[in-house]
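Colleague: Residues per chain, in single letters:
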Amino acid sequence: MLNYDIVVIGGGPAGMAAALKAKECGVDSILILERAETLGGILEQCIHTGFGLHYFGEELSGPEYADRFIQLVDKQKIEYKTDTMALEITQDNVVYAINKKDGLLEIQAKAVILAMGCRERPRGALNIAGTRASGVMSAGTAQKYVNIDGYMPGKKVVILGSGDIGLIMARRMTLEGAEVKCVCELMPYSSGLTRNIVQCLDDFNIPLYLSCTVIDIHGKERVEGVTIADVDENRRPIPGSERFIECDTLLLSVGLIPENELTRAVGIDLDPVTSGAVVDEYRETSHKGVFACGNVLHVHDLVDYVTLESQTAGEGAARYVLGKTEEAEYVTTKGVNGVRYIVPQKVNIKNDGDVKLYFRVGQVYKNAKTVVKYNGEEIISKKRPRLAPGEMESVIIKNDMLKGFAADGVIEISVEV
Amino acid sequence: MNYDVAVVGAGVIGSLIARELCRYNIKVALVEKNNDMATGTSKANSAIVHAGFDAKPGTLKAKLNVEGTALMPELCKTLGVPFKPVGSLVVAFSDEEVETLGELLERGKANGVPGLEIYDAAKLREVEPFISENAKAALWAPTAGIVCPYELTIAAAENAVVNGADFIRNFEVKKIGFDGNEFTVSNGENEFKTKYIINAAGVYCDEIAALIGDTSIHTIPRKGEYMLCDKSVGHLAKHTIFQCPSKMGKGVLVTPTVDGNLLIGPSALDIEDKEDFATTAAALSGILETAKKSVPSLTTREVITSFAGLRAHCTRDDFIIEPSEKNSRFINVAGIESPGLSSAPAIAESVRDIILKSASFEEKADFNPVREEPVRFRHMTNEERKALIEKNPAYGQIICRCETITEGEILDAIHAPAGARDVDGVKRRTRAGMGRCQGGFCGSKVVEILARELGVEINEITKFGGNSKILYERTK
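If you read the protein sequences in the order shown, they are chains S and L.
Residue numbering for the first sequence follows our numbering, beginning at 13 and increasing consecutively.
Residue numbering for the second sequence follows our numbering, beginning at 16 and increasing consecutively.
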């Protein structure tokens, strides 16, 4: 049995930032478990730029952004094991993991930080009809084939879903010589960042069809085409709008799902909207000493925010290990009227700092206000020229405000038009 | 090459027949048009071992179903294949259907099905808590079970190969000649000779028979579409839940699978194209609506994949297991639709008996009926895992996260007798790529391992043979 103060599951941007912050806060005994060959997580295959604008104030590629943290992990002599898969976390925070070299690892942790990231929704989850031909894959899988393996997964491409990975892959495939026929988006708006729509589609004259979806896949061995159709306000295909598009590849960028299998197995409370754990402001879950951060907690649009959130979790885990936690009296947070979710879901009013609440809206709004209410009373109101589901919003609850709250109070955030 | 018996079609029927014949000192070929065994009807069906009360008494279906179901548990044990005796329920929602249950019970008794019992609504809800409130009664059949049909097929074919059979893949039989003593079987490029032919070609049985001038068989592919749900809703059905049968089949069922998922389906539609495995929006929404009649809490939210299979329905409406009228050494095993999987062990034995009537084959002294169960890391205890990785570190590397499949298991699948040659082959043997992410993460790793182990470039690896390639040329 190995013993560590903190075991971090996942060595992507979330896991590394959390480990580094915990170290900074005075915890020396830290182990990061990473299932891939290297630290860095999904950033390693994101060779486009746009990372780090908020956090570093400069534009980096994914591998560059990851490398800054990998170097710090090395410099801080934080231990990590790659090619290592965590299989189980017990009720007493014992982590079981395996790799080729050590075999089965049994690690007693004082605190565990969950930073496993997320996965892409597959075709099956959408129930798209058609054949099982080769050539249907998630945009992230295609990204790995192109950027890591150096092979093209197709030549004539239709992309379903205008999430950021789909948009990025539209440009990437085009640059590699493929013909991207169109990007179809079921919703009347894109869930991707505006800058990606401009830089990845508009600049390459790739059409974006809104309120449109793929309803059939053709081809017996390799994909030979797809049928797309416009959808009505209930997202049902409109008869007569069907058209055939010849292609050999269908890339899916239809949403990301936090990978919470380990979390669920421990019995940690999950938020049905985020599909991540219910956490407090230090990102501690319902299970004592288990923290969660990054895309395993909720899907972020920018890695910069993952880093910030993970630092909070790292600090929280360090405080827990070092016995610096204050007693807790919670208020809960609740997204209403256009706000889909808020993280954290609860806040300790005994906390002696400010608390930042992150939230996401459910549709596009123009010239709206985001309003924060405590037990029904407005406490903060912010004018927002544009709100979109693809862009995360945040609001800071100042400590003096927090001090005025009482246990079991409710903070609500809503959109007012 | 010269064979005594060539079995055409490496589905569950052909593979079990080939294995059965390997008990004798003869040369057996198992011939498959695709890149792997279990790529037709055997890979996409309800995976049910039926108790045997459906078929009309006196039919081959009735006889072989009951016999096959009785043989199945032991056969699965011998071949290291998962089988679960979960039992089945036929649920009635109206007084008329309650009467049908009585008829099925009587028919089951006539067919020799043991243990049948009618459950009232209270008893039904006790054993199946998520069943609809509208359910009035059910027919309980304790001998029914669930099995993994492609694993059974693969295990049977592997065991046949270990016992001396040749597995010939990518050999589409296009021509059969007969010189009075031997058949010459050709795919247009290569040929081999054989004294007997077993026609176990599933939906293609009619076309294979026609190659010797036997036009007595009329196969109608009957498409069935299914949806597979995540293990998180596996608890919604504890037994195989049927609705009352119609003339198109046994209707839409809701059943657990041996892997703990939930399977819903099938639809039933007669089609013409024998390669039409496409799913349709209409059929999928139809089966969900019908399935909700049994288990109302089902939703599409937990669906992880959907698929279609073709039943080899024949106009005669019973199994056809007999020598062809055109040539007594050409044995048709046709029209093997439901309960074909359940009957398969008994069908293999009856085909053996048909051949032994005219041939005198000598029993093989060293026939080994056992196929060891492959390593299944996900089912092991931590102690077992520790010992396993110490012995072979390849089991210390997880490739498929969702299903916890190790590199060692994938290597085993590729290097097994008649092992996997494509991504779907690895998937069927190991479950890599069958979980909730459906190969999003592990797909590219499986491609890499296949290329490495088979000594080819990664863009030569296919999803399921033919032109189902995954990658094109290198990037710029």
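Please keep in mind that the hints were generated in silico from the structure rather than gathered at the bench.
In this text, a Cβ means the ideal position worked out from N, Cα and C, and glycines have one as well.
One or more hints might be untrue.
Stated by the list, open to error - Taking beta-carbon pairs under 10 Å as the criterion, some of the chain L residues facing chain S (in silico):
| hint | residue |
| --- | --- |
| 1 | 85 |
| 2 | 86 |
| 3 | 249 |
| 4 | 307 |
| 5 | 308 |
| 6 | 311 |
| 7 | 312 |
| 8 | 401 |
| 9 | 452 |
| 10 | 467 |
| 11 | 469 |
| 12 | 473 |
| 13 | 477 |
Colleague: Next, verify each hint and record whether it holds.
Modeller: Consistency of the hints with the structure:
no., hint, result
1, 85, "violated (34 Å)"
2, 86, "violated (32 Å)"
3, 249, "violated (14 Å)"
4, 307, "violated (15 Å)"
5, 308, "violated (19 Å)"
6, 311, "violated (19 Å)"
7, 312, "violated (15 Å)"
8, 401, "holds (4 Å)"
9, 452, "holds (5 Å)"
10, 467, "violated (13 Å)"
11, 469, "violated (16 Å)"
12, 473, "holds (6 Å)"
13, 477, "holds (7 Å)"
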